[in-house]
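First to last, the sequence lines map onto chains Z and F.
Numbering-wise (my numbering), the first sequence opens with residue 1 and increments by one.
Numbering-wise (my numbering), the second sequence opens with residue 1 and increments by one.
Listed next, with one range per pair, are the computed distances between beta-carbon atoms: (1) Asn68/F to Ser412/Z: 47 to 57 Å; (2) Pro30/F to Arg254/Z: 54 to 64 Å; (3) Asn211/Z to Pro30/F: 48 to 58 Å; (4) Gln12/F to Gly463/Z: 21 to 31 Å; (5) Asn220/Z to Gln12/F: 23 to 33 Å.
Rather than coming from a laboratory, the hints here were simulated on the basis of the structure.
It should be emphasised that the depicted structure is a prediction, and the values quoted were computed from it without experimental measurement.
Even for Gly, the Cβ is constructed at its ideal location relative to N, Cα and C.
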Amino acid sequence: MLKGIGVSDGIGIGNALLIEEHSLEYTPKAVENTEAEINRFNEAVDTFCKNTKKQAEALKASAGEKEAEIMIGHISIVKDPYLLGEIEKLISKGQCAESAFESMCDTFISIFSSTDDEVTKQRAADVRDVKAEVLKILLGINDVKISKAPKKTILVAKELTPSMTAEINKENIVGIVTETGSNTSHSAILAKVLEIPAVMSVPGVMEQIKNGDTVIVDGNKGDVLSSPDKAQLESYTARSKQLLQERRELEKFRGKITVSGDGERFELVCNIGKPEDAAQALEFDGEGVGLFRTEFLFMDKTSVPSEEEQFKEYKKAALILKGKPLIIRTLDIGGDKDIPYLGLAKEENPFMGFRAIRYCLKNRELFKLQLRAILRASAFGNISIMFPLITCVEELRESKALVEEIKSELRSEKIDFDENIKTGIMVETAAAGVIADVLAKESDFFSIGTNDLTGYTMACDRGNSDVSYLYSALQPSVLRMIKRTIACGKKNNIPVGMCGEAAADPMMIPLLISFGLSEFSVSAPSVLKVRKCISNWSKQKADEVAEKVMSLDTKQDIYEYLKTVI
Amino acid sequence: MVSKSLTILNAQGFHMRPASVFAGAMAKYPCSVTIKFKGNNYDAKSTLNLIVACMKCGSEIELVCDGNQENEALAQGVQLIESGFGE
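All chains, full assembly: derive it from the sequences and hints.
Dropping the structure here:
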């Protein structure tokens, strides 16, 4: 058995197709008609660009725009005016196109590889890829066509270049094994997007596997078996079936509403960080968005994005969701999220300091800009506004007053917005949990952020390994906080959601059902799992579990007990 | 000749996409466009040269345009860098 890094889950069983590296050797010859040679080179460049554009389009359709951009980058390498200029000079001096192009590429490969910058080093692989492709064209070499691979093919290669991955047809390729690469390499990300089991960084794989060999790729464990015996084949086939079965089992929940075993309806929505993620949320069958973090809009910028810029992004998300709920959280910076141009001072204790709503209420122009953009976008969908890190009711009142102020501005400017837009809060501080009864009277909804709520309630930094043992949403204190928050919301007839990781935790789900949570906001890939899990519980069964849990005194006891019931 | 000092602001610096976007935009102007960084000059119309420069988030550079339409080239170059390439 060969060992590597599993980079894309699932088990693939099929026949190996080795992508041999062609010998790109040639005998450099002196050129007399240099003009004709330059033309020959330019034609090869044109052919390369044409092929690459085609690949980019195919990739855009199968994997998305971002993946396609890397191919466009390859075109810009080969069309680089400096590179072309130098190559022309070399050919004019009598070098053949192959050697002129290769020597220039090699120069850049060695420069890129010798930097100590990881991102720049990766660019050497791009130049190598471009070099090989153009040389193949110049030398008239025909490649193994990955796009023409038969069904049940396991691709085996030294390195999977972007131009190779662009050719993958996911109907036929059932697994990928490479000698190089890791979790973060471009081909790994692509394998994940295409849902093809993949193992990378397998030393010597090209020598150990022959064309046509039966190969098993276990992307979960990072194992590769070539020419497996009967028993192995049987056990992996069974396991692969089981994984598929589980996936199919989940697929049954696609397109369904989210209900408990006894028919109570819940809302199951997603957490997103970019407007485009809204499309992903729908793809995974989310029923809307329960948390749109807006920080990304402000990061990697040199100044606060304009109202117009923000408006476009919020509107984009609203339009993608077509009337499904979209809860936009106002800027939550500070803590561990810094934005250089805002000039936040370094603090002794950033999590207790100047962050989120505290920053926004002190920097009203910035806050109003965002609120105006959100309100304008509300004319295009079902948008709600959520304020982060509320600790006292004044913060909520001030924020709501600003919303009203902007509403009247927009009215007088005759700009459309949703008059009935809802405003709610994140309950993520111990303070908010304790005064949830007060806050519920003035909020349209709550969303419990269990990650911060756990940290603030336990006064514990989960990144610090000396204290991280304390960090758990199953701590009796955190559970009481959650229970109380939901109860206060229910008493005031406002919906209470949860957007922390706990919302997707099978141990938490019965408790949340029992406490009366109405909305689960989870990462897109968890949607079907959570819907299935919710369907397993009736209110009565969940109540029994919750009652027992709330009678236990320690996190450990709670954990041990919950293990026995899920 | 016109020039301006700037700071690179997008998180990943001048990686593939910004470099090709920037070089592509600068190639449209007849003037020469040079980036001065750490005492070296880089031809800003060349994606490869820009990648070689290893400019990172926070790197301080000088953008120099010289020749026909130098003001237009500088203005667009500044806009691209200051907007962080829309990333």
